[in-house]
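Residues in the sequence shown are numbered from 1 upward in steps of one, following this note's numbering.
Keep in mind the hints are simulated off the structure, nothing from the lab.
Keep in mind it's a predicted model, so treat the numbers as computed, not measured.
Backbone N, C-alpha and C fix where the C-beta goes; we use that ideal spot for every residue, glycine too.
Treat each hint with caution, since some may be false.
[To be verified] With beta-carbon atoms standing in for the labels, derived distance ranges:
1) Pro103 / Gly61: 31 to 37 Å
2) Ser87 / Arg20: 34 to 40 Å
3) Glu126 / Lys24: 17 to 23 Å
4) Gln75 / Ala32: 35 to 41 Å
5) Gln81 / Asp47: 41 to 47 Å
6) Arg117 / Phe30: 28 to 34 Å
7) Arg73 / Thr42: 27 to 33 Å
8) Arg78 / Pro113: 27 to 33 Å
9) Pro113 / Arg73: 34 to 40 Å
10) Gln86 / Lys24: 17 to 23 Å
11) Leu58 / Ser31: 32 to 38 Å
12) Gly160 / Thr128: 17 to 23 Å
13) Pro76 / Ser31: 21 to 27 Å
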Amino acid sequence: MLGTQGLHPSALAVAQELERQGAKGPVRQFSASTKTAKDAATALGCDVGAIASCLVFLLDGDPIVIIKSGAFRVQPDRFLQLTGAQSLSRANAEQVRAATGQPIGGVSPVNWPGPLRVFIDRYLAEFTEIWAACGTPNAVFATHFEELITLTGAQVVDLGAP
Numbered sequence: 001m002l003g004t005q006g007l008h009p010s011a012l013a014v015a016q017e018l019e020r021q022g023a024k025g026p027v028r029q030f031s032a033s034t035k036t037a038k039d040a041a042t043a044l045g046c047d048v049g050a051i052a053s054c055l056v057f058l059l060d061g062d063p064i065v066i067i068k069s070g071a072f073r074v075q076p077d078r079f080l081q082l083t084g085a086q087s088l089s090r091a092n093a094e095q096v097r098a099a100t101g102q103p104i105g106g107v108s109p110v111n112w113p114g115p116l117r118v119f120i121d122r123y124l125a126e127f128t129e130i131w132a133a134c135g136t137p138n139a140v141f142a143t144h145f146e147e148l149i150t151l152t153g154a155q156v157v158d159l160g161a162p
């Protein structure tokens, strides 16, 4: 397994899905919060840019996930230009939980109740190891850019350098 002993049940469910899909991990759980990219980078001792934040947005009213580097924010105008959509807004906590089954700050790139359209920022390919949330605001797992694309079926986009 990916190092699942003692994991919170939500993190364990994500870890089991990761393992089912062939991800290598490891999963790490912390007593301190890893809810923000900065918190996760501090806990892991890595560059904040190597944190893959999974954010839920509403694109023309439909929930989507944008996986982006923790080093910068999504620029809505740029994203709309890339997708040709009309509107982009951040999902609220209730919408995030409904779309992913997970809380804000703990949204993993897998183990959602249903399929979601996923976009991943090309910038994350700069890192040989990246870390993403594992279903709770205290657990993360190691991955790499190509594996994230395989796990999620994400469309690669260029959100711009931080």
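So, going through the hints one by one against the coordinates:
1. Between Pro103 and Gly61 the CB atoms are about 22 Å apart, so this pair departs from the stated range of 31 to 37 Å.
2. Here the CB-CB span from Ser87 to Arg20 is close to 35 Å, well matched to the stated 34 to 40 Å.
3. Range check, Glu126 to Lys24: Cβ separation about 20 Å, and the 17 to 23 Å hint holds.
4. In this structure, Gln75 and Ala32 break the distance hint of 35 to 41 Å, their C-beta atoms being roughly 30 Å apart.
5. For the hinted restraint 41 to 47 Å between Gln81 and Asp47, the CB-CB distance of approximately 28 Å leaves it violated.
6. For Arg117 and Phe30, the Cβ-Cβ distance of about 30 Å falls inside the hinted range of 28 to 34 Å, so the restraint holds.
7. At roughly 19 Å, the beta carbons of Arg73 and Thr42 sit outside the given window of 27 to 33 Å.
8. Taking 27 to 33 Å as the suggested C-beta distance range, the pair Arg78 and Pro113 conforms, at roughly 29 Å.
9. As the Cβ distance of Pro113 to Arg73 is approximately 27 Å, the hint placing it in 34 to 40 Å is violated.
10. For the pair Gln86 and Lys24, the beta carbons lie near 39 Å from each other, so the given range of 17 to 23 Å is not met.
11. Between Leu58 and Ser31, the C-beta spacing of about 33 Å keeps the proposed range 32 to 38 Å intact.
12. Roughly 21 Å separates the CB atoms of Gly160 and Thr128, a value that falls within the hinted 17 to 23 Å.
13. Checked against the given bound of 21 to 27 Å, the beta carbons of Pro76 and Ser31, roughly 35 Å apart, lie outside it.
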